[in-house]
Amino acid sequence: MTSEAATIGLTHSGSEDTGLGHRGPESKSIVVPYGFWLFVLSDMVLFSALFATYASLAHATDGGPISNQLFDRNLVAVETIALLLSSFVCGLAMIAAKRANMLWTQGWLFVTGLLGFVFLSIELYEFAKMIGEGAGPQRSAFLSSFFTLVGCHGAHVTCGLLWIGTMMAQIWAKGFRDDIVRRLLCLSIFWHALDIIWVAIFTIVYLIGTLA
Amino acid sequence: MRKQTAIKLDQLIEEPDYQPIEMPLNTPTGVIVALFASICGFAVIWHIWWLAIVGLIGAFGVFVWYAWRDEHEHIIPVEEVRANARERRRIRMEHLHELSQST
Numbered sequence: 001m002t003s004e005a006a007t008i009g010l011t012h013s014g015s016e017d018t019g020l021g022h023r024g025p026e027s028k029s030i031v032v033p034y035g036f037w038l039f040v041l042s043d044m045v046l047f048s049a050l051f052a053t054y055a056s057l058a059h060a061t062d063g064g065p066i067s068n069q070l071f072d073r074n075l076v077a078v079e080t081i082a083l084l085l086s087s088f089v090c091g092l093a094m095i096a097a098k099r100a101n102m103l104w105t106q107g108w109l110f111v112t113g114l115l116g117f118v119f120l121s122i123e124l125y126e127f128a129k130m131i132g133e134g135a136g137p138q139r140s141a142f143l144s145s146f147f148t149l150v151g152c153h154g155a156h157v158t159c160g161l162l163w164i165g166t167m168m169a170q171i172w173a174k175g176f177r178d179d180i181v182r183r184l185l186c187l188s189i190f191w192h193a194l195d196i197i198w199v200a201i202f203t204i205v206y207l208i209g210t211l212a
Numbered sequence: 001m002r003k004q005t006a007i008k009l010d011q012l013i014e015e016p017d018y019q020p021i022e023m024p025l026n027t028p029t030g031v032i033v034a035l036f037a038s039i040c041g042f043a044v045i046w047h048i049w050w051l052a053i054v055g056l057i058g059a060f061g062v063f064v065w066y067a068w069r070d071e072h073e074h075i076i077p078v079e080e081v082r083a084n085a086r087e088r089r090r091i092r093m094e095h096l097h098e099l100s101q102s103t
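Heads up: the sequence lines are chains A and B, in that order. For the first sequence, the residue numbers in our numbering are 1 to 212. For the second sequence, the residue numbers in our numbering are 1 to 103.
Since the hints were derived computationally from the structure, they do not count as laboratory data. All C-beta atoms in this analysis are idealised placements derived from N, C-alpha and C, irrespective of residue type, glycine included. Where hints are given, some of them may not hold.
As the list claims (entries may be wrong) - Here are some of the chain A residues that sit facing chain B, going by a computed Cβ distance under 8 Å:
#1 Leu162
#2 Thr166
#3 Gln170
Given only the sequences and the hints, what does the whole structure look like? Please build it.
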């Protein structure tokens with residue numbers, strides 16, 4: 001049980017002894033993800049500000065299109081499935097990486113990036129369609145806050161895609177070194193965090209926005 | 001309490017077993033990436049698309065360049081740690097001695 005959990009777990013059990021006893025500093029496999037969590041949480045603070053902005057401006061449509069007319073639930077459902085699935089596949093990539101399996105790690109990371117790309121393409125298609133219909137960010141306060149919130153998430157996904165590509169190249173060139181695996185761990189934390197934020201966007205923007 | 005004891009006995013606690021210290025190397029990466037990101041932000045505000053692309057590529061390029069380095073840390077050898085700590089202990093000891101003389 002414990003050894004299997006150690007193989008697939010995200011942290012802890014692989015932590016190396018620092019040789020300084022239990023009063024010494026934690027090992028790097030603990031400290032590095034912890035530091036990255038601090039970044040992720042500060043990112044969540046940024047998003048909560050954008051969520052608050054959107055929530056207070058959602059009805060400030062200035063006589064323009066309202067959320068019910070703009071959003072297509074089916075399209076967003078496909079988008080959401082692509083992103084949730086990519087998070088799951090990212091988990092599979094982490095398992096393969098823990099087992100130092102180059103082929104499967106690269107394969108799953110590629111699928112993760114591919115699903116992220118599908119998500120991003122659908123989002124850009126939706127944005128282009130809305131701007132084409134005259135519902136761009138300049139139209140109303142509601143649309144400004146919508147494009148800021150969802151666009152900020154999209155920008156994060158774009159960075160994540162660049163990161164996945166870089167990570168694949170690094171694993172290929174440098175192998176499963178300790179520091180490379182720690183980076184991979186941070187990438188997976190980042191990718192899951194984006195998923196959590198998307199679930200909130202999906203609920204607050206799209207589900208509540210398309211209630212009859 | 002410890003301080004009072006130290007003054008009374010006119011000595012510091014025993015010297016600990018010093019260890020080498022691992023430190024991250026200094027790097028200008030953060031500032032350079034921030035510079036490119038600012039350029040990109042400026043360009044996006046004023047719709048200067050070529051400059052936005054330059055900013056993005058620059059930021060990403062510096063990020064990859066940094067990520068590709070193999071040395072991210074250096075070790076402060078234990079001799080240096082010990083020498084520094086002993087110098088500090090010597091100064092503290094002098095001060096302590098003055099204190100215990102005056103009380």
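Hint-by-hint comparison with the structure:
1. Here the hint on leucine 162 of chain A is kept, as its CB sits about 6 Å from the closest CB of chain B, short of 8 Å.
2. Checking threonine 166 of chain A against chain B: minimum C-beta separation of about 6 Å stays under 8 Å; hint holds.
3. Checking glutamine 170 of chain A against chain B by beta carbon gives a least distance of about 7 Å; that is within 8 Å, so the hint holds.
Checked against the numbered hints above, the structure violates none of them.
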